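Chemist: Residue strings, one per chain:
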Amino acid sequence: MESTGKIVTFILIITSIVAVSLTGLRELTKSQAAINESVFNKRAILSAIDKYLDKPTAQLTDAEVQTIFSERMEQKVVDMDGNLVDGMTAAQVDLAKERKKPEAERVLPLYIYNATDGNKFYILSVRGNGLWDEIWGVVALQDDLKTIAGVAFDHAGETPGLGAEIKDNPTFPAQFRGKKIYDEQGEYTSVVVRKGGARDKNHEVDGISGATVTADGVTEMLKRGIRYYEPYLSKAKS
Amino acid sequence: MADVAVKDKPKVQEREPLFGAKEKKLLVDPLNDNNPITVQVLGICSALAVTSLVAPSIVMSVAVIFVTGFSSLFTSLLRNYIPKSVRLIAQLIIIASLVTVVELALKYLNYPIYRQLSVYIGLIITNCIVMGRLEAFAMANKPWRAFVDGIGNGLGYGAILILIAIVREIFGKGTLLGFGLIGPSNEQASYLINTAAESGFGSLFAWYSNNNLMVLPAAAMFVIGILIWLQRSYNQKLIDIS
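For the protein sequence lines, the chains are A and B, in the order given. Under the working numbering, the letters of the first sequence match residues 1318 to 1555, in that order. Under the working numbering, the letters of the second sequence match residues 6 to 247, in that order.
These aren't lab readings, by the way, just hints derived from the structure by calculation. In this text, all values refer to a predicted model and were calculated from it rather than measured experimentally. From the three backbone atoms N, C-alpha and C, an ideal C-beta is built for every residue, glycine too. Keep in mind that a hint or two might mislead.
[To be verified] Here are the simulated distance ranges between beta carbons: (1) A:N1431 - B:L218: 19 to 27 angstroms; (2) A:R1343 - B:W149: 40 to 48 angstroms; (3) B:N37 - A:G1474: 32 to 40 angstroms; (4) A:A1432 - B:L182: 30 to 38 angstroms; (5) A:R1343 - B:K27: 58 to 66 angstroms; (6) B:Y86 - A:D1411: 43 to 51 angstroms; (7) A:A1380 - B:L82: 22 to 30 angstroms; (8) A:P1419 - B:G127: 46 to 54 angstroms; (9) A:D1434 - B:R120: 28 to 36 angstroms; (10) B:G230 - A:A1432: 35 to 43 angstroms; (11) B:L82 - A:L1329: 52 to 60 angstroms.
Just need the whole structure built from these sequences, with the hints factored in.
Modeler: Encoded structure:
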């Protein structure tokens, strides 16, 4: 049996070696890892306006993604009254944290893409609950601020092949293109994921069989999430 | 057995070839006769979880090979210094730090894959194969052999992982490594953000519709079961005579 002294010394030595070397490695890789993460998030945002980019998001290099964001993307933050928040950029807002705040105190990220042909796309971020965990996504609006130009969803833990289809199956987000978030009277309607198939071709999309809860989560997320931007949207329109 | 192996190796052994018959056996045995997944039935959890697509399975295999190899090496180097009463803690420290290295490296090299594997990289720490080899082999053998043994077991694990993933991806998604193989459209193939997937033989069996069960972890259980059955019917050494 070893003495306690030997055991303590051994553990102290091995933990200090491990701690120092891992900290060193982390420091070395930190900046690149942060860049990778931000490019990953930027790609997710761009994928909502995939159809309007010069090439699909999947074919863009990391450098091209960065260029698009620095040259063509306005990164703003809006508050719940629809005013722009000064001194913040969209990437600083973490919707997961904002969801925990009281509604009136939240701020929202807003990306505005200025296409080469002069068109503008307003990209809103939404977040909600799926079946197992959180789901989130981006909704790109056309210049008229009521037609959806594209959406992209992601999730933390939906069932592969069922709920995860909101991300994995490109035909699901593709359905949202061209849908309207306001009806003809100008009332806010959002877009509904309809179980059993869309009935209203302007405001509904087909659900995913076997993933009703996730689909309802998407409906709810869009309904609330886009409404948060309404004060801003109505100001921007006038 | 442990004590014998540590004390009774005379210095003469140093002259053995660097990669002799014993090393070869250590490397090849886990691929078939003593496979960690199909024979020892270890490391099942991650084999079920990450094998729905081939690409992440390959990354996972490489990660596990790295961790089993180097944790065996370091444990073996330290085996005469590790106090017996805290040896499991010492082994865990070694495994956990190597897994952290893998995690940092993935974040640095390929962030999308890191996101896809998410918690499963961290869970390599709890993979029984790693700790099993440390306890059973590395604590009682010289560093080089322990390293080869670790690599061999990692390879055995990886081989099964990739086999399962190939079956699951083809029948669950109609693709292989993201390239369209069977079934009608293969738009789904662009599952890796960095890969611009082109459909290859997308219309080969256009009537085939993807099997959703194959995408779920339960399908991996069936595939592993079939693999074990096949292996046991062909490998004479594994046939249970009793």
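Chemist: Take a look at whether the Cβ-Cβ distance between A:R1343 and B:W149 falls inside 40 to 48 angstroms.
Modeler: 30 angstroms, violated
Chemist: Looking only at beta-carbon atoms, does the pair B:Y86, A:D1411 fall within the given range of 43 to 51 angstroms?
Modeler: 45 angstroms Cβ-Cβ, so the 43 to 51 angstroms window holds.
Chemist: Quick check on a hinted range of 52 to 60 angstroms for B:L82 and A:L1329, using CB atoms only.
Modeler: 18 angstroms, violated
Chemist: Is it true that the C-beta distance of A:D1434 to B:R120 lies inside 28 to 36 angstroms, as the hint says?
Modeler: 33 angstroms, holds
Chemist: Is 22 to 30 angstroms right for how far apart the beta carbons of A:A1380 and B:L82 are?
Modeler: With a Cβ separation near 42 angstroms, A:A1380 and B:L82 fall outside 22 to 30 angstroms, so the hint is violated.
Chemist: Taking the Cβ atom of A:R1343 and the Cβ atom of B:K27, is their distance within the range 58 to 66 angstroms?
Modeler: Taking Cβ atoms as reference, A:R1343 and B:K27 lie about 38 angstroms apart, which means the hint is violated.
Chemist: Return holds or violated for the Cβ distance of B:G230 and A:A1432 against the range 35 to 43 angstroms.
Modeler: 53 angstroms, violated
Chemist: For the pair A:A1432 and B:L182, does the Cβ-Cβ distance stay inside 30 to 38 angstroms?
Modeler: 34 angstroms, holds
Chemist: Within 32 to 40 angstroms or not, the Cβ separation of B:N37 and A:G1474?
Modeler: 35 angstroms, holds
Chemist: Between A:N1431 and B:L218, is the Cβ distance one that fits in 19 to 27 angstroms?
Modeler: This hint is violated: roughly 46 angstroms between Cβ atoms.
Chemist: Between A:P1419 and B:G127, does the C-beta distance stay in 46 to 54 angstroms?
Modeler: 34 angstroms, violated
Comparing the model with each earlier hint shows violations of hints 1, 2, 5, 7, 8, 10 and 11; every other hint is respected.
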